[in-house]
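So the sequence lines, in the order shown, correspond to chains A and B.
266 is the number that my numbering gives the last residue of the first sequence; the numbers go up by one with no jumps.
414 is the number that my numbering gives the last residue of the second sequence; the numbers go up by one with no jumps.
Hints were generated in silico from the structure; no laboratory data involved.
C-beta atoms are modelled at their ideal positions from N, C-alpha and C, and glycine is treated no differently.
One or more hints might be untrue.
Stretch-level coverage of chain B by chain A, calculated; a stretch enters the list once three of its residues show a Cβ under 8 Å from a Cβ in chain A [unchecked claim]:
(1) 16 to 26
(2) 42 to 51
(3) 72 to 84
(4) 95 to 105
Simulated restraints on C-beta separations [what the hints assert, rightly or not]:
(5) A:L106 - B:S76: 23 to 29 Å
(6) B:R79 - A:R54: 43 to 49 Å
(7) B:D35 - A:P205: 43 to 49 Å
(8) B:D35 - A:Y16: 44 to 50 Å
(9) B:T33 - A:E15: 25 to 31 Å
(10) B:L161 - A:G174: 52 to 58 Å
(11) A:Y16 - B:R79: 34 to 40 Å
(12) A:A234 - B:L26: 38 to 44 Å
(13) A:D10 - B:R60: 50 to 56 Å
(14) A:C237 - B:D35: 50 to 56 Å
(15) B:L26 - A:Y16: 30 to 36 Å
(16) A:D10 - B:D64: 46 to 52 Å
(17) B:R60 - A:A234: 54 to 60 Å
(18) B:E37 - A:D10: 53 to 59 Å
Residues per chain are reported as follows:
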Amino acid sequence: MSRLLVCPPDYFGIEYEINPWMRLSNRVDHERAIRQWHELMRVLEKDLGVVLERMTPIPGLPDLVFTANSGIVVGQTAVLSRFRYPERQPEEAHFEDWFRGQGYDLLTVENELYFEGAGDLLGFPEYWFGGYRQRSDIRVFPILSDRFHREIIPLELVDSRFYHLDTCLCPLSGGELLYFPAAFDRYGQTAIAERVPERLRLTVPENEALKFACNAVCVGKHVVLPAGCPTTQAWLCIKGYEAHPVQLDEFMKSGGSAKCLTLALD
Amino acid sequence: MNQYQESVCLQGHIIDSLLLAKVLDLILMMGGTFDLEDVHIGKTREEPSHARIRIRTTSRALLDDILKAIQPHGASIEREADCRTNRAPADGVLPDDFYATTHLPTQIRLNGRWLDVDRIEMDLAVLVNEARSMAQAVPMGEVRRGDQIVVGREGVRVIPLQRPRERDVFGFMESQVSAERPHGHIIADIATRMRQLRERHRHGQADSKVLLAGGPAIIHAGGREALTWLIEQGFVHTLFCGNALAAHDMEADLYGTSLGYGLSAGRAVPHGHEHHLRTINRIRAIGSIEAAVTSGVIKQGIMAACIRQGVPVVMSGTIRDDGPLPGVITDSVRAQSAMRALTPGIGLALLVASTLHSVATGNLLPATVPTVCVDVNPSVPTKLADRGSFQAVGLVMDAASFLSELARVLGRST
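From just these sequences and the hints, can you work out the full model?
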């Protein structure tokens, strides 16, 4: 049974601008955000049977809701994030407290290296992809690769709208991949194409990529993704997945969607 | 020359991610070049790979730009250390573990900066000045007690030769020695260089001097007129030789013989074997070759041309010298110093018909100086290459034929 870490959006809002989606003038409809978040939780718990671990939200940390960026969990080890922007750095201590409280072995990368957790490191059981340049430092990956004995293929993120790897690439449980190629340079595109056969890859159309179709949560043969991505949903259906669209546009104001709101714990 | 360089390391899963290809492409696209050093490719998917890349550029600014561009892709500058120095324990004695030079361009790292080693030459040590702002290659015998000498290999780097821009025989910078190779194009290339160098020398430009080191076979074989002409026409700017070349050159002027052989008649002249002794004795009586030329005793030939053209001559003595002539340096260490003093600024070296002077001169020159070694005996250019002067182009031919053909190509009417 899958477990995901989530954080209720009690204090979610736009309080700064650290990615092209965030606009201080673009106010979050708080009630609506809470309704959308609870609907996502309902789908995850009721439809997918996922166990949710809820963190305590903290006033003044509007992005704590995006738990994907807290770190990564591999077995009993949690690698803690080091946020690039000072606005999110205060989140680090709260994530650390939570992991410590749950009895995880904690691992931190060198102080001067930025690493934004599962936002930039995701993949298949045999190998992972690492997004770099926008938020995470590429030098983190050899350290984690050595620690966890996993191949990590670094991919440069070249479009600031897709600032984390999980905004433009989503590995699925059957070996398939949703991705938006234009978010990568030609080296990254080639590296992905050489690793994942064409029949297993969906090139997400730009309009759906901009709705963060790739910011999806895959649990078994279920995929929870933002609403409004029919091409992606149809392809998932062909590949034997059940798509669960959820309206999450209030969180898109902050540059996040389904995947950003969760962290896989095991 | 691409003399600005830095080594960077790239590690992780750099092959399948095309990261290595990307970094190398970036270096080339920005105008740099690279050498891949110590590439290790992981044997399994999990095992990381690493590569050490030496980047070379033509300017410091370009190097900085490239480093800035590749660092976000994980290329980290190798932590380089300054070179270490120790004091020379006594005059003429180097500290243990001194760094022994090659004749390739060399840099040392001092206070975090790479400095060129001046006057590089093979088999010397590197002397650092007290202010630690300059470095110079120094022969063992010239070291003074307390001098700061580079020790160990850390913080020292040698820069491989770059192909010269000119697409001529020197472009290969390798000494293939063969009597079977045609000579014409090699001599034509040498002549082209000499014409360019004469122009540059007339305009006072750097590294424009032509050095000729020669043996007495030049006179014996009949190359005297051609070499005299080359000096008079301003194609040769420095001459290294021994007692014999000078003595037989002046013997020819005074007696028309070379080691007793009539140069025009081509046969031994009665008592001709005494001519070179009488010549040497005469010059000794006058006091100097210069005085012999300016007083009109010596009228023609190589030495006369050198005096009139102001071409400096270093005459180095050997064991069996007769006389020797005034000006011959009989202390070989002093002779070496005198030759060394004239090597800066040389843009072409012609080593003709002398094993001793060719090897000595060739080994005094940095690898960056185009060098030709001409001898009828293939073992001479081979020996020079074996002694480390790999850049020398070997030409197996008679000295007189070489000089005559060279002079002809350069415009001498025959």
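Consistency of the hints with the structure:
Interface restraint, the stretch 16 to 26 of chain B with chain A: holds (6 residues with C-beta to C-beta distance below 8 Å; minimum three). For a cut-off of 8 Å, the count of residues in the stretch 42 to 51 of chain B with a CB near a CB of chain A stands at 3, and the three-residue condition holds. Judged by the Cβ-Cβ criterion of 8 Å, the stretch 72 to 84 of chain B is covered by chain A as claimed, because 4 of its residues qualify and three suffice. Counting residues of the stretch 95 to 105 of chain B whose CB falls under 8 Å from any CB of chain A gives 0; the rule of at least 3 is not met.
Taking the beta carbon of each, A:L106 and B:S76 are about 26 Å apart, inside 23 to 29 Å as hinted. Range check, B:R79 to A:R54: Cβ separation about 46 Å, and the 43 to 49 Å hint holds. For the hinted restraint 43 to 49 Å between B:D35 and A:P205, the CB-CB distance of approximately 44 Å keeps it satisfied. A beta carbon spacing of about 46 Å between B:D35 and A:Y16 agrees with the range 44 to 50 Å that was offered as a hint.
For B:T33 and A:E15, the Cβ-Cβ distance of about 49 Å falls outside the hinted range of 25 to 31 Å, so the restraint is violated. Taken as a hint, the range 52 to 58 Å holds for the pair B:L161 and A:G174, whose Cβ atoms sit roughly 57 Å apart. Range check, A:Y16 to B:R79: Cβ separation about 37 Å, and the 34 to 40 Å hint holds. The hinted range of 38 to 44 Å is satisfied by A:A234 and B:L26, whose Cβ atoms lie roughly 39 Å apart.
Distance hint check for A:D10 and B:R60: the Cβ-Cβ separation is about 55 Å, which falls inside the suggested range of 50 to 56 Å. Under the hint 50 to 56 Å, the C-beta atoms of A:C237 and B:D35, about 53 Å apart, fit the expected range. Checked against the hint of 30 to 36 Å, the C-beta distance between B:L26 and A:Y16 comes to roughly 33 Å, which is consistent with it. A hinted range of 46 to 52 Å holds for the C-beta pair A:D10 and B:D64, which are about 49 Å apart.
The supplied range of 54 to 60 Å is met by B:R60 and A:A234, whose beta-carbon atoms lie about 56 Å from each other. Restraint check, B:E37 to A:D10: a C-beta distance of roughly 56 Å satisfies the suggested window 53 to 59 Å.
When the structure is compared with the earlier hints, violations turn up for hints 4, 9 and for no others.
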